[in-house]
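Chemist: Residue numbers (our numbering), protein chains in the order written: chain A, 3 to 187; chain B, 5 to 239.
A hint or two may mislead.
For lysine-lysine, the following DSSO-like pairs were computed, each having C-alpha atoms within a straight-line distance of at most 27 Å [as the list claims (entries may be wrong)]: (1) A:Lys71 <-> B:Lys69; (2) B:Lys158 <-> A:Lys12; (3) B:Lys9 <-> A:Lys175; (4) B:Lys43 <-> A:Lys12; (5) B:Lys35 <-> A:Lys87; (6) A:Lys12 <-> B:Lys71; (7) B:Lys9 <-> A:Lys17; (8) B:Lys215 <-> B:Lys175; (9) B:Lys9 <-> B:Lys69; (10) A:Lys17 <-> B:Lys141; (11) B:Lys141 <-> A:Lys71; (12) A:Lys175 <-> A:Lys71; (13) A:Lys138 <-> A:Lys71; (14) B:Lys215 <-> B:Lys136; (15) B:Lys43 <-> A:Lys71; (16) B:Lys136 <-> B:Lys158; (17) B:Lys187 <-> A:Lys17; (18) B:Lys71 <-> B:Lys43; (19) B:Lys136 <-> B:Lys71; (20) B:Lys141 <-> A:Lys12; (21) B:Lys175 <-> A:Lys87.
Everything labelled a hint here was simulated from the structure, so no lab data went into it.
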Amino acid sequence: MSEDLHQLLKQIAEKDRLAFSRFYDRLSSLAFTFAMRILRSRPEAEDLVQEVFLQVWNQAASYDPRRGKPEAWIITITKSRAIDKLRSRRRRDQGTPVFEEMAREKTLKAGQDTLAQAEQKWLVEGALAGLSDIQKTALEMAYFEGKTQTEIAQELSVPVGTVKTRIRDGLQKLRQQFEAQGSKS
Amino acid sequence: MNHEKWTELADLYAVGALDGGEASEFSSHLKAGCALCEKRISENESAVAALVQGLPQMEAPAALKSKIMDSLGADFEPAISAAPALSPIWAAIVWGALSLGIVWGWKTTTLARHTAEFHRMEAMVMADTTMKSVELKATEQKTPVAAKVVWNTKGECLFMTMGLPHPVEGKIYQLWGIKGDSKVSAGIFEVDEHGCAVVKLNQFAADSFDKMAVTLEPAGGVPSPTGPIVLVGGR
Numbered sequence: 003m004s005e006d007l008h009q010l011l012k013q014i015a016e017k018d019r020l021a022f023s024r025f026y027d028r029l030s031s032l033a034f035t036f037a038m039r040i041l042r043s044r045p046e047a048e049d050l051v052q053e054v055f056l057q058v059w060n061q062a063a064s065y066d067p068r069r070g071k072p073e074a075w076i077i078t079i080t081k082s083r084a085i086d087k088l089r090s091r092r093r094r095d096q097g098t099p100v101f102e103e104m105a106r107e108k109t110l111k112a113g114q115d116t117l118a119q120a121e122q123k124w125l126v127e128g129a130l131a132g133l134s135d136i137q138k139t140a141l142e143m144a145y146f147e148g149k150t151q152t153e154i155a156q157e158l159s160v161p162v163g164t165v166k167t168r169i170r171d172g173l174q175k176l177r178q179q180f181e182a183q184g185s186k187s
Numbered sequence: 005m006n007h008e009k010w011t012e013l014a015d016l017y018a019v020g021a022l023d024g025g026e027a028s029e030f031s032s033h034l035k036a037g038c039a040l041c042e043k044r045i046s047e048n049e050s051a052v053a054a055l056v057q058g059l060p061q062m063e064a065p066a067a068l069k070s071k072i073m074d075s076l077g078a079d080f081e082p083a084i085s086a087a088p089a090l091s092p093i094w095a096a097i098v099w100g101a102l103s104l105g106i107v108w109g110w111k112t113t114t115l116a117r118h119t120a121e122f123h124r125m126e127a128m129v130m131a132d133t134t135m136k137s138v139e140l141k142a143t144e145q146k147t148p149v150a151a152k153v154v155w156n157t158k159g160e161c162l163f164m165t166m167g168l169p170h171p172v173e174g175k176i177y178q179l180w181g182i183k184g185d186s187k188v189s190a191g192i193f194e195v196d197e198h199g200c201a202v203v204k205l206n207q208f209a210a211d212s213f214d215k216m217a218v219t220l221e222p223a224g225g226v227p228s229p230t231g232p233i234v235l236v237g238g239r
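Chain A on its own, in the form it takes in the complex (with noise of 0.2 Å):
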């Protein structure tokens, strides 16, 4: 059954275990996936996962669904905790660039893929497929590897005006890519 995220996050806000337990059950793998992605650490990751559910049962009360959907939240809490780790540390990971290496899964894995994520993985395919790779890596650089626009303008040897000419386009064309979507569903 698919239970309201929203209404789950209320019981928590009264501090409901049970409507905890099932929140994480939903978005636990959402939020150790992107951990992973950012500290390419599972002990690391695991720490993180459990410092964001902590930080869900403790401000719970404190989600506004006007600033987006509970994973949006989850994903938010997730990116600053991590990047933080990241920055503390400042080790560079030499991993495929992360949205390279999504726009490379073209086959959808039937069978293995709940309709929700075939549906999701497909999206993202038409949204990075509209992305132009500078911009794919000046995004990636911000928000998986938690660099800012001096450190990204740095290390591609182009103004900082370039870096956010190029972060802004790609952002531009997420949003739209999305808002589509929602406006046809």
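Chain A is already provided as a structure; the job is to place chain B on it using the hints.
Modeler: Then chain B, alone, in the frame of chain A:
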């Protein structure tokens, strides 16, 4: 500064790219309150969050959930198992309840003297992967009430509640299983000073009912419900 400049900063802020003077400048702008920027940040966060949701998902380790659940209450006591006839989790629950002077069974009452103990038991129940549950909601929302009936595949069944007000003199709470027009009593119970009760339900086939309800009845209980419904929940 016109607002287009703030919008630009909001975009960069949403992905964490702002730094230096612009970061502090925009932070002050946000603290002063700007609905346009809040909306812009939210839109950006949602768009990028959707990308994250599209990443191939990785399952968090199973043990992590228990660790997190345990850390929710700092005053939890370690689980103690006993009574080999019961699964470890349920044995720990029974042990915990007995340690609080709880008496089991029909027409008996149980008092959990500490809310922490209630939460400890609840956490243990939730750790049981065979567990099923029905959550009961208060029909009147004057005070927050938590109540659940939980049971496992072995037929062990527990009712837990917290936050119920003391009934007026001469009245007592009674729990019912409901299927269609049939209403079967699961027992009467009292609550402690915290409104807590933990009751083991003997020979109560929770799986066979569509709904559970708590009514307020004359002291001693009744064979069929007569009083107002205080809590109700269904599967």
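Chemist: Look at each hint and say if it fits the structure.
Modeler: Taking the hints in turn, this is what the structure says about them:
no.: 1; hint: A:Lys71 <-> B:Lys69; in the structure: 22 Å, holds
no.: 2; hint: B:Lys158 <-> A:Lys12; in the structure: 32 Å, violated
no.: 3; hint: B:Lys9 <-> A:Lys175; in the structure: 19 Å, holds
no.: 4; hint: B:Lys43 <-> A:Lys12; in the structure: 22 Å, holds
no.: 5; hint: B:Lys35 <-> A:Lys87; in the structure: 24 Å, holds
no.: 6; hint: A:Lys12 <-> B:Lys71; in the structure: 23 Å, holds
no.: 7; hint: B:Lys9 <-> A:Lys17; in the structure: 42 Å, violated
no.: 8; hint: B:Lys215 <-> B:Lys175; in the structure: 23 Å, holds
no.: 9; hint: B:Lys9 <-> B:Lys69; in the structure: 44 Å, violated
no.: 10; hint: A:Lys17 <-> B:Lys141; in the structure: 14 Å, holds
no.: 11; hint: B:Lys141 <-> A:Lys71; in the structure: 25 Å, holds
no.: 12; hint: A:Lys175 <-> A:Lys71; in the structure: 20 Å, holds
no.: 13; hint: A:Lys138 <-> A:Lys71; in the structure: 24 Å, holds
no.: 14; hint: B:Lys215 <-> B:Lys136; in the structure: 13 Å, holds
no.: 15; hint: B:Lys43 <-> A:Lys71; in the structure: 13 Å, holds
no.: 16; hint: B:Lys136 <-> B:Lys158; in the structure: 11 Å, holds
no.: 17; hint: B:Lys187 <-> A:Lys17; in the structure: 31 Å, violated
no.: 18; hint: B:Lys71 <-> B:Lys43; in the structure: 36 Å, violated
no.: 19; hint: B:Lys136 <-> B:Lys71; in the structure: 21 Å, holds
no.: 20; hint: B:Lys141 <-> A:Lys12; in the structure: 14 Å, holds
no.: 21; hint: B:Lys175 <-> A:Lys87; in the structure: 57 Å, violated
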